[in-house]
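Enquirer: Guided by the hints, dock chain U onto chain C, whose structure is given.
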Amino acid sequence: MLPGARMRVVLHPQRRTVEVQGRRPVRRLLAELGVLPGTAMVIRRDELLMDGEIVEDDDEIEIRAVISGGAP
Amino acid sequence: MKCTRCKQKPEVHLRAHNAAFCRPCYILYFRRQVERAIEHEKMFGREDGLLIAVSGGKDSLALWDVLIELGYRTTGLYLGLGIGEYSDASHDKAAAFAAARGVPLLVRSLALEGPGLAVPDVAGATRRAPCAACGAMKRHFFDAAAHEGGFDVLVTGHNLDDEAARLLGNVLRWQRDHLARQRPVLEPSHPKFVRKVKPLYLVSEYETAVYAFMRGIDYIVEECPNAAGATQLLYKDALNRLEAESPGTKLSFVKEWVRTTQTLFTQPDRDVPGECQQCGMPAYGALCSFCSLVREVETRRERRVRRVPAAQGA
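Protein chains in written order, with the working numbering: chain C, 1 to 72; chain U, 1 to 314.
Here chain C stands alone, though its shape is the one from the complex (with noise of 0.2 Å):
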């Protein structure tokens, strides 16, 4: 690993892009995104990642929300 590589977490729908260093699980990710279990979807290349899987640096990991909503 190169010194100093981060993981790059792309938010949707917000296209927003973050970077985080460091291996943990995925419900700690979220929790520090401030995103609530259930609401998103976690996809590391074409698989979802459940909340107990690790991440780590170098990993591309997309966090799509679910909610949608507005007209009855």
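By construction, these hints were calculated from the structure, which means they are not laboratory data. There could be a bad hint or two in this list.
Some chain C residues judged to face chain U by a derived CB distance under 8 Å, without partners named [said to hold, decoys possible]:
id, residue
1, Pro13
2, Thr17
3, Pro37
4, Glu47
5, Leu48
6, Met50
7, Asp51
8, Arg64
9, Ile67
Every residue, glycine too, gets a C-beta built ideally from N, C-alpha and C.
Expert: Frame of chain C; chain U shown alone:
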């Protein structure tokens, strides 16, 4: 943790159901959940012609995909709301979905129905919240398209989160007439209405999003630009906070509402609706709510036109 069904490595954990699934088992599970709701609530049968209201979002496209896979006779209906690039993109998603599966898609556009009828224009002219104007217009065009097309059932993609948020809003204000109509199946009150059903009413939006993702459905991820600040999103956030602490809260809220409580609310005695003098669709007054809205837009526009020359002449 293992897949609840096949014991392989799971990809999704549903805390409300205390279950986990790998991809193939999740797809089967999700379809079975939808099928069970259709059967349990007697929503429709194989012989019925179904009109599916599609927005290009995850819920309506996931639902349409399930109904196609289950072998139902489906036609999609996309209503262009005139919300700039968002509407263009959502139309493209719905059209691509239909083309890839070879299923019919009817397309209507508010902007082509009359001047000033795009959602932002109506909301601006009438000073209504965009979501309120949007909801009224959608209901009219969905009802009219179902009647004109001779469909048996109008199917919408309202999910558990939508129903829980709506229920919370109705309870907070004790809106008895709204509570009387909040059911997964709404029978028609007039020959020009068709039955309306919500087969996703017990599956969360997380579950529909996961199904859409696993099936490779290309849906619009962007939020409607008008939804920011909508009350429904506030209720959803409150419910998601409860759900995070106590998984299954939303499911039991809606499920028990339908099972034990909804029938306690009856619709207030209202006459059978007549027909709108303008469009002929069912109405309780001279005009249906959509035509009343159109008239309001026209009246305000005429007032504005009259005011401009007066101001110019001053």
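Enquirer: Each hint should be assessed against the structure and marked as holding or not.
Expert: So, going through the hints one by one against the coordinates:
The interface hint given for C:Pro13 holds, since its Cβ lies 5 Å from the closest Cβ of chain U, which is under the 8 Å cut-off. Violation of the interface hint for C:Thr17 is found here, the shortest Cβ-Cβ separation to chain U being roughly 15 Å, above the 8 Å cut-off. A distance limit of 8 Å between C-beta atoms decides the matter here; for C:Pro37 the minimum to chain U is near 5 Å, and the interface restraint holds. About 7 Å separates the beta-carbon of C:Glu47 from the nearest beta-carbon of chain U, less than 8 Å, and the hint is met.
Look at C:Leu48: its Cβ gets to within about 5 Å of chain U, closer than 8 Å, so that hint holds up. A distance limit of 8 Å between C-beta atoms decides the matter here; for C:Met50 the minimum to chain U is near 5 Å, and the interface restraint holds. Look at C:Asp51: its Cβ gets to within about 7 Å of chain U, closer than 8 Å, so that hint holds up. This hint holds: C:Arg64 has a C-beta 6 Å from the nearest C-beta of chain U, less than the 8 Å allowed.
Proximity of C:Ile67 to chain U holds as hinted, the smallest CB-CB distance being about 6 Å (cut-off 8 Å).
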